[in-house]
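Under UniProt numbering, the first residue of the sequence shown carries the number 1, and numbering increases by one thereafter.
Keep in mind that the hints were calculated from the coordinates and are not lab data.
Hints are not guaranteed to be accurate.
[As the list claims (entries may be wrong)] Calculated pairs, DSS-like style, for lysine-lysine (alpha carbon to alpha carbon, straight line, at most 25 Å):
id, residue 1, residue 2
1, LYS526, LYS594
2, LYS585, LYS500
3, LYS516, LYS429
4, LYS516, LYS299
5, LYS594, LYS682
6, LYS682, LYS585
7, LYS682, LYS516
8, LYS516, LYS486
9, LYS516, LYS526
10, LYS526, LYS489
11, LYS299, LYS282
12, LYS59, LYS605
13, LYS282, LYS242
14, LYS242, LYS205
15, LYS429, LYS500
16, LYS526, LYS585
17, LYS562, LYS585
18, LYS486, LYS299
19, LYS526, LYS500
20, LYS560, LYS429
21, LYS489, LYS429
22, LYS718, LYS562
23, LYS489, LYS500
[To be verified] If you anchor each label on the Cβ, the simulated ranges turn out as follows:
id, residue 1, residue 2, range
24, GLN70, ALA459, 47 to 57 Å
25, ARG369, ALA459, 54 to 64 Å
26, GLY170, PRO307, 46 to 56 Å
27, GLU168, ALA236, 14 to 24 Å
28, GLU422, ARG537, 50 to 60 Å
29, GLY567, PRO739, 36 to 46 Å
30, PRO307, ARG332, 21 to 31 Å
31, ARG204, ARG332, 34 to 44 Å
32, PRO235, SER681, 31 to 41 Å
Fair warning: this is a prediction, and the values are worked out from it, not measured in the lab.
Note that the Cβ used here is the ideal one computed from N, Cα and C, for glycine as well.
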Amino acid sequence: MHGQVSLGRECGTPRSEGGPPRPQGPQARCALGRRCTVSEKCRCPRPGWTMTPPRNVVKIAIQMRDAIPQLIQLDQGRLPLPASLSLVPRRWSLTHSERYALQFADGHRRYITENDLEAEQLLGGLQSDSREGRREALRHLVPLASDMTFAREVISRNGLQRLGTIIEDGDDLGEVLALSLRAFLELMEHGVVSWETLSIPFVRKVVCYVNMNLMDASVPPLALGLLESVTLSSPALGQLVKSEVPLDRLLVHLQVMNQQLQTKAMALLTALLQGASPVERKHMLDYLWQRNLRQFIYKNIIHSAAPMGDEMAHHLYVLQALTLGLLEPRMRTPLDPYSQEQREQLQVLRQAAFEVEGESSGTGLSADRRRSLCAREFRKLGFSNSNPAQDLERVPPGLLALDNMLYFSRNAPSAYSRFVLENSSREDKHECPFARGSIQLTVLLCELLHVGEPCSETAQDFSPMFFGQDQSFHELFCVGIQLLNKTWKEMRATQEDFDKVMQVVREQLARTLALKPTSLELFRTKVNALTYGEVLRLRQTERLHQEGTLAPPILELREKLKPELMGLIRQQRLLRLCEGTLFRKISSRRRQDKLWFCCLSPNHKLLQYGDTEEGASPPTLESLPEQLPVADMRALLTGKDCPHVREKGSGKQNKDLYELAFSISYDRGEEEAYLNFIAPSKREFYLWTDGLSALLGSPMSSEQTRLDLEQLLTMETKLRLLELENVPIPEQPPPVPPPPTNFNFCYDCSIAEP
């Protein structure tokens, strides 16, 4: 059924001069032939105007199959909406009005009211003896299952059980099974029924579809997606999935050149890893790396000809975070001075640097002399204390720093010896301490790579270099420690400059990691090109862009320019809203697996939105089924004030959603409703909240507006001051000279010259 609203505008004022003449007499007719009393306002429309019904009266066009459409007026002031809609079927002489529902005819055909009859007919079709009958019912059910109103009706009529029966029977491994899985997933995504309620036989049957080979190509991705949801939502069923789905089977699915299948296989793999204990996770990851999963991801997914989807990027981020998370126990464990193994590792580190001096020349020395020699060599190695255990008691980095130093000494022995011997032989206080630098560099890398931090539920910030190299963390340390020595020499630093040097190294590593180099060699090349002088130049350039002169005349000029530039920013924000943005829907399990598009109409009067598919071109305004008038918008909510994240807890895993969430509250009849958003990025969050604030007449107060305004003010100020280049601008205006003692220099024009 299709609804259209047609509202006019009422005149509501007596006729003015130039309008139709005012009616004369107690019951005279006005210009349009209506009877209007003189004591009343003329309610007749002026030429070119239409009559305005009251606010609670709407007209909608409703059509029914095989019947003539009708234009119906609904008066919500006289009858509530449900009661008014219950009278609609009587216009076609239909009985049992409760069995009918209103549905939008365009767009995604969402239901306005409950549809008992449609749900009953479709569920009846699922029990048909004919395979074609079941297939036809499923084809109609799948697009309707995403509608919350319809889904509740289907679930209340045991629709999930009927779909589960079809899935468990497995009579048809083709389209019927694929449609059943899709409909089941759509209904479960509404969160009406918990995933923990699924039976073990049902889950095992879905596992069979993952482990089977001969079936429709659309079935495995759906089965994998269903098992991922089960694993994330139910620890008990997740253990069942872990025991029933071999890792080798997931590797087989990953090797199929089908992006959807690869994405769902990777999703289930990361879900299983997240649900495993630390010991199990380490065994699983070790096995996966032995089966060359890293190399496959690097060659066939990261460097694939097809662009990577957002969901796959997120799962690679999770895989990277879980792998780096294996380093956390070593990072949290201090060195045990009573551990024989750890003492031997320290001696190996010392002997690799000072083998000749410490072993050959030290033969036959007494125990005290040998201890004194070892303490001196540990000092040369860069430890702050003669007993290195005291340096490694700090956590983080704990034993992870020792692991890094040992890895560097074993895998780059010449670079290690050169570093230590070059700095230990200096006598000018310019030596770079290897051990102290290694400990601090390990802490720095753990912070930059977020080792030990919980996985974000939406982040996609993985490093391609991580999958291009075995032992990527230790290899990154090897590059970083040599960079530290190089930067130390460039800065001609002393021990007092240690913290300053580490700040520069941190900036060099962070800037290079932000470029997302695809290989370790490319990272090494880029980070070595970022010398100390280049860092200083970048800092100065950024400072010049951010800082403005504080002279009062310039500040006054900037204040005068602000209104014009704020108008320019407002115009840009509204244009961005008109272009529209793809947003991701967050389901009850906080997964982002569906897209919807929203944009502002060119006349800035409507927000238009609707669902879309990933990879599809942006929809046109005419194809968007939903509309929200700007005039109905009440307020803009952000962060924890948004209703779709308000009750989701306050853990670290939700922080990223809070930072990207915003909602619009608007009037829907007499109720307050919300249109909820999760921005794809922080920048889009700023652009949309600024644009919506502008539409609501509120100030644009985002960080992006502040940066844009500062940039525009700096550029405009420089343009205005081009003619004053190299001219010093005084802090205060020049003083006004005192008036002259007399004004005899004035010329009197009224006196004629002889």
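Consistency of the hints with the structure:
Taken as a hint, the LYS526 and LYS594 pair is broken in the structure, with Cα atoms around 38 Å apart against an allowance of 25 Å. Distance hint between LYS585 and LYS500 is unfulfilled; the C-alpha atoms sit about 45 Å from each other, more than 25 Å. Our distance criterion of 25 Å between C-alpha atoms is broken by LYS516 and LYS429, whose separation comes to about 37 Å. Annotation: proposed proximity of LYS516 to LYS299 holds, straight-line Cα distance about 16 Å (limit 25 Å).
The straight-line distance between the Cα atoms of LYS594 and LYS682 is roughly 19 Å, inside the 25 Å bound, and the hint therefore holds. Between LYS682 and LYS585 the alpha-carbon distance is near 16 Å, which keeps this suggested pair within the 25 Å criterion. With a C-alpha separation of about 19 Å, the suggested pair LYS682 and LYS516 falls inside the 25 Å cut-off, and the hint holds. Note on LYS516 and LYS486: the hinted pairing holds, with a Cα-Cα distance of about 22 Å set against a maximum of 25 Å.
With a C-alpha separation of about 11 Å, the suggested pairing of LYS516 with LYS526 holds against the 25 Å cut-off. The hinted pair formed by LYS526 and LYS489 meets the criterion: a straight-line CA distance of about 18 Å does not exceed 25 Å. A C-alpha spacing of about 23 Å is found between LYS299 and LYS282, which places the hinted pair at or below 25 Å, so the restraint holds. Annotation: proposed proximity of LYS59 to LYS605 holds, straight-line Cα distance about 21 Å (limit 25 Å).
Distance restraint check for LYS282 and LYS242: the Cα-Cα separation of roughly 15 Å lies within the 25 Å cut-off, and the hinted pair is therefore satisfied. Simply put, LYS242 and LYS205 have alpha-carbon atoms about 14 Å apart, close enough for the 25 Å limit, and the pair holds. Taken as a hint, the LYS429 and LYS500 pair is honoured in the structure, with Cα atoms around 16 Å apart against an allowance of 25 Å. The hinted pair formed by LYS526 and LYS585 fails the criterion: a straight-line CA distance of about 38 Å is larger than 25 Å.
For a cut-off of 25 Å, the pair hint linking LYS562 to LYS585 is broken: about 37 Å separates their Cα positions. The suggested pairing of LYS486 with LYS299 is violated, with an alpha-carbon distance near 33 Å, which exceeds 25 Å. In summary, the hint linking LYS526 to LYS500 is supported, as the alpha carbons are separated by about 21 Å, within the 25 Å threshold. For the hint pairing LYS560 with LYS429, the CA-to-CA distance comes to about 54 Å; that exceeds 25 Å, so the pair is violated.
Taking the CA atoms of LYS489 and LYS429, the gap is near 12 Å; set against the 25 Å cutoff, the hint holds. Restraint check: the Cα-Cα separation between LYS718 and LYS562 comes to about 14 Å, which is no more than 25 Å; the hinted pair holds. In summary, the hint linking LYS489 to LYS500 is supported, as the alpha carbons are separated by about 13 Å, within the 25 Å threshold. For the pair GLN70 and ALA459, the supplied restraint of 47 to 57 Å holds, since their beta-carbon distance comes to about 53 Å.
A C-beta distance of roughly 56 Å is found between ARG369 and ALA459, which places it inside the suggested range of 54 to 64 Å. Checking the proposed 46 to 56 Å range against GLY170 and PRO307 shows it is violated: the Cβ atoms sit about 35 Å from each other. Between GLU168 and ALA236 the Cβ separation comes to about 19 Å, which falls inside the hinted range of 14 to 24 Å. Distance hint for GLU422 and ARG537: a CB-CB separation of about 28 Å, inconsistent with the stated range 50 to 60 Å.
Checking the proposed 36 to 46 Å range against GLY567 and PRO739 shows it holds: the Cβ atoms sit about 43 Å from each other. Between PRO307 and ARG332 the CB atoms are about 39 Å apart, so this pair departs from the stated range of 21 to 31 Å. For ARG204 paired with ARG332, a C-beta distance near 39 Å keeps the hint of 34 to 44 Å intact. Between PRO235 and SER681 the CB atoms are about 32 Å apart, so this pair conforms to the stated range of 31 to 41 Å.
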